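Q: The chain contents come next:
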Amino acid sequence: MGCGAEGVTKAVLAAAGVVAEHRTELIELDRAIGDADHGENMNRGFTVVVAALADATPETPGEVLKIAAKTLISKVGGAAGPLYGTAFLRAATKAADQSEVDAQAVVELLRAALDGVRARGKAEVGDATMIDALTPAVAAAEAAAAVAGADIAAVLSAAADAADQGAESTVDLVPRKGRASYLGERAVGHMDPGARSTALILRAFAEAAR
Amino acid sequence: MGCGAEGVTKAVLAAAGVVAEHRTELIELDRAIGDADHGENMNRGFTVVVAALADATPETPGEVLKIAAKTLISKVGGAAGPLYGTAFLRAATKAADQSEVDAQAVVELLRAALDGVRARGKAEVGDATMIDALTPAVAAAEAAAAVAGADIAAVLSAAADAADQGAESTVDLVPRKGRASYLGERAVGHMDPGARSTALILRAFAEAAR
Amino acid sequence: MKKIINDPADVVAESLRGLALAHGDVLRVQEDPALVIRADAPVEGKVAVISGGGSGHEPLHGGFVGTGMLHAAVPGAVFTSPTPDAVEAAVAATAGPAGALLIVKNYTGDVLNFETAAELAEAEGTPVRSVVIDDDVAVKDSTYTAGRRGVGGTVLLEKITGAAAERGDSLDDVETLARKVIGQVRSIGVALTAPTVPHAGTPSFDLADDEIEFGIGIHGEPGRERIPLESADALVARLVTAIVEDLPFASGDEVLLFTNSMGATPLVELYLAHGIAEKLLAERGITVTRRLVGPYITSLEMQGISLTLLKLDAELTALWDAPVNTPALRWGI
Amino acid sequence: MKKIINDPADVVAESLRGLALAHGDVLRVQEDPALVIRADAPVEGKVAVISGGGSGHEPLHGGFVGTGMLHAAVPGAVFTSPTPDAVEAAVAATAGPAGALLIVKNYTGDVLNFETAAELAEAEGTPVRSVVIDDDVAVKDSTYTAGRRGVGGTVLLEKITGAAAERGDSLDDVETLARKVIGQVRSIGVALTAPTVPHAGTPSFDLADDEIEFGIGIHGEPGRERIPLESADALVARLVTAIVEDLPFASGDEVLLFTNSMGATPLVELYLAHGIAEKLLAERGITVTRRLVGPYITSLEMQGISLTLLKLDAELTALWDAPVNTPALRWGI
Ligand SMILES: Nc1ncnc2c1ncn2[C@@H]1O[C@H](COP(=O)(O)OP(=O)(O)O)[C@@H](O)[C@H]1O
Ligand SMILES: Nc1ncnc2c1ncn2[C@@H]1O[C@H](COP(=O)(O)OP(=O)(O)O)[C@@H](O)[C@H]1O
Ligand SMILES: [Mg+2]
Ligand SMILES: [Mg+2]
Ligand SMILES: [Mg+2]
Ligand SMILES: [Mg+2]
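Residue numbers (UniProt numbering), protein chains in the order written: chain A, 1 to 210; chain B, 1 to 210; chain C, 1 to 333; chain D, 1 to 333.
Wrong hints could be hidden among the right ones.
Said to hold, decoys possible - Quick list of in silico lysine-lysine cross-link-like pairs, DSS-like style, CA-CA up to 27 angstroms:
#1 D:K279 x D:K311
#2 B:K122 x B:K66
#3 C:K279 x C:K311
#4 B:K10 x B:K66
#5 B:K122 x B:K70
#6 B:K10 x B:K70
#7 D:K140 x C:K279
#8 D:K311 x D:K180
#9 C:K279 x A:K122
#10 A:K66 x A:K122
#11 A:K70 x A:K122
#12 B:K122 x D:K140
#13 D:K2 x C:K2
#14 D:K279 x C:K2
#15 A:K10 x A:K70
Just so you know, these hints were derived from the structure itself, not from any lab.
Since we're looking at a predicted model, the values are computed, not measured.
Please model the entire structure based on the sequences and the hints provided.
A: In structure tokens, the structure reads:
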């Protein structure tokens, strides 16, 4: 029931796919309240992640996540690059050299990712950032993992559902971090692009785990 | 039946009025095939002509025309400034110090103006310039003056009618002088702004002479 | 979208190739990571002044690389902060034991990426200091936002610290000077039209024909408020008031006034606005002793202007006047 | 119309006021007639190089007034040639017994007004020569038109004749040099959008979102033909071909390549285009030894570019390199 390097690779490739598919949507969300590059940045990074994974032969989930982390840090730029990069890097560190991760481990990786993004970006829930998607996702994953017999798919599916809701919640918020914060009240009514991309990526992970 | 300084002043003021009224139309004609300034240039110049005539006390037709000429030369700029300036200056010179002009003299002033514009601008009939309005106007004025008992009003009215037709003829021409010449065939279908202003001014003269 | 480009993904790389050809006497360009480097770098014994950020603000930063100003510029994708490895490569290419000063505009992305780069470079043994410029008074309350943005003041900061490094100031001294400049420079901008990011393909915001964005940033992010188009006199007064009522300008001050075009505002309008601004400052007893007028920190083809005021003293004036030889600023050489 | 202006009728005068404030060290401005004059004019014993034309092409001509370039610039209304008395006043303010060279762009209005001015100045006893620059290869057949227009080559002509005057060349020699430059400089431009003349209030022509005007002039007068928007590679190749296939460029030539923004085309695109142009010229065996890249002869807020090629020899290269200190071009000083 665990997931090895291959499974994690599949999940990361699925994330790359969903980012490519939603590139324009993410650009449009960022155009409304930011600088119209979030979809382009994420897609540029994940395209190289796909190439990097094809070139490498990672043997553990941690190695896969580390390749993704380093690529995102060196290819995405902007705010999302360091934040997603940190998320993947912290998860990689947490995974250490385990050859497989189980449902409980997945929760721990998600929590490590969240802690990393919070430490880097200093955003709180309610600031209208990716934190608003990732925080409820981790809580939901934790709750799902506490159910006897929960598998990775169930955990990630719960996380994705919660992230969707969390992203939705940013529509009504006044942003306090990132570029959208300059807009203040005028940003109300728009979904945060980073929260949306977080929800999309978690959904891709969940689908890959089924 | 002659016309003195006062009558010529009245005619020039009428021309200023018609140029102001048609400023936008002349800009629009020039926008289509030139640089969108003919109405602005003419209006800037004639506005100062009105002020200059108010400040001066010209005693002969020639003096009135000379004030107009010098003002147009120093205020209009572009192609129209030197060309209209020359037209008025040559007419002024022709009028010399006569205290009045009669119908025959008006024809001579118009011919002097035409010769001046041709000498400065080197355009021929058919090049789609003000020459296409002024040339038939002078011919028509001459013909009208040849009719026994013709007065200034009749002469100028014939000139204005012919100028209208001449201006109209530029619509179908391929311009060979001035800014519109760069457009070649693409200018066909548009009236030349300078031909139009010439027709307007002659019409104003004719109305003033009635 | 109407642009003279090939594939939007190649815009920055292809543009840098042209920059290198046009200005090979003062700079060179490196690919992957993309860097603009002083032709004579590393300059023995001198602090390397380095800046960077998203592209689309040219001449900032690559056009300010050269003697007396930047040692390297790190261009990111259009409107996107460069990545840490690129910044680290810039440090490695230009800085020696005298160290490097990183000039960072206050945007979350820039701050995070440059932070990581500084750590990486320090780990390699190069002394690095970072300063964050946040001169945009349009951002009102920094407690509840990512803080004020770095805008026009960046140009002045790069010139002045570059001159200090050129005369041989230590890293400590250049850093102290940078903080002093940041403390006394303020800016504000206005947009009449929106820029179009090449990879996005549509204008970054929609403005009616009679509307302007007051307090605009340089990335097409919308401004402080949307107001009706007004006369140059009224608009410049609004800009001057916003800056002067912020610290630290007072009657009796001598200042540098920087009137900047955001890209598509032509010089005829820019000089017109500059003249009004000087008049208004004089009325407040503020003396303009140095000026910079032109498109120096832009937002692609956005129409608009920004005003920047820097309080001067003898030292800053001398550093401003010091020789500079870059594609965009050149004097005394 | 979105512009930072007050009354459209006052645009030029108000803009000149700002220019004077911004660049009081190199020039001064006179009102009625409007003139931009070198701060140290008249320069004893030297030929005065004077140019002018309609406004809206800034920095041309006022931004090129200063040591080593123009002695005076005569700005007309927007896109309208100045009047003879203004040109004559410029001659009177700057020229002594060494005389004056008038640089006239080939447009009917400019030619007529400068012609009259030259006569007036000669009548006052100042030796005056006029040269008419007509470098725009977009105008095909000059027998049936007002002739080729003066465009980008004007900037290079003003720099080179200004340098010759500065080194003390006689009026004869400066005139001969000017005719030589005119003989070996060619340009062509393209517009992506139209400019809006302040007093007209609407764009000078209407272009669809996927159309460009190839062979555009600098006054919003439509170009040679309207073609679909194409890639930078294709467009620059079209421009280079149009110039190179005109006399007098051949393999083995050394040239100055001037890549000009018409106003609103940002530097990121301009450098991109410049890089492509250099590559294409190299493929034809033409060596670019000097470059100028930037918005130097513009058409208000028009998006577009022009390319200008000047065939160089040792003399022209030295004169190009000679010191110049003006608002828009500054080096060697
Ligand atoms: N301080 C922060 N903490 C967490 N997330 C942040 C922070 N600042 C920005 N973000 C996220 O980054 C997203 C923007 O990413 P992107 O558009 O790629 O970068 P940039 O803002 O530099 O253009 C925002 O939508 C938001 O979710
Ligand atoms: N060589 C010429 N001879 C006669 N008329 C001319 C000539 N060149 C231009 N014109 C006239 O001048 C008019 C344009 O005037 P205007 O727009 O004020 O000047 P510009 O072309 O300098 O902008 C044209 O419509 C044409 O009638
Ligand atoms: Mg963004
Ligand atoms: Mg015109
Ligand atoms: Mg960005
Ligand atoms: Mg004109």
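Q: Decide, hint by hint, whether the structure agrees.
A: Hints and how they fare:
For the given pair, K279 of chain D sits about 17 angstroms from K311 of chain D by alpha-carbon distance, which is consistent with the 27 angstroms threshold. Our distance criterion of 27 angstroms between C-alpha atoms is met by K122 of chain B and K66 of chain B, whose separation comes to about 23 angstroms. Taking the CA atoms of K279 of chain C and K311 of chain C, the gap is about 17 angstroms. The hint holds against a cut of 27 angstroms. A threshold of 27 angstroms between alpha carbons decides the hint, and for K10 of chain B with K66 of chain B the separation of about 15 angstroms falls inside it, so the pair holds.
Between K122 of chain B and K70 of chain B the alpha-carbon distance is near 21 angstroms, which keeps this suggested pair within the 27 angstroms criterion. Pair hint K10 of chain B plus K70 of chain B holds up; C-alpha atoms about 18 angstroms apart against a cutoff of 27 angstroms. A C-alpha spacing of about 48 angstroms is found between K140 of chain D and K279 of chain C, which places the hinted pair above 27 angstroms, so the restraint is violated. Distance hint between K311 of chain D and K180 of chain D is fulfilled; the C-alpha atoms sit about 10 angstroms from each other, no more than 27 angstroms.
As the CA atoms of K279 of chain C and K122 of chain A are separated by approximately 44 angstroms, the hinted pair breaks the 27 angstroms bound. Between K66 of chain A and K122 of chain A the alpha-carbon distance is near 23 angstroms, which keeps this suggested pair within the 27 angstroms criterion. Pair hint K70 of chain A plus K122 of chain A holds up; C-alpha atoms about 21 angstroms apart against a cutoff of 27 angstroms. With a CA separation close to 20 angstroms, the supplied pair K122 of chain B and K140 of chain D stays within the 27 angstroms bound.
Of the pairs offered as hints, the one joining K2 of chain D and K2 of chain C holds, with about 19 angstroms between alpha carbons and a cut-off of 27 angstroms not exceeded. Proximity of K279 of chain D to K2 of chain C is assessed by CA-CA distance (about 23 angstroms); at most 27 angstroms being required, the pair is judged to hold. The straight-line distance between the Cα atoms of K10 of chain A and K70 of chain A is roughly 18 angstroms, inside the 27 angstroms bound, and the hint therefore holds.
Hint compliance for this structure: hints 7 and 9 are broken, all remaining hints hold.
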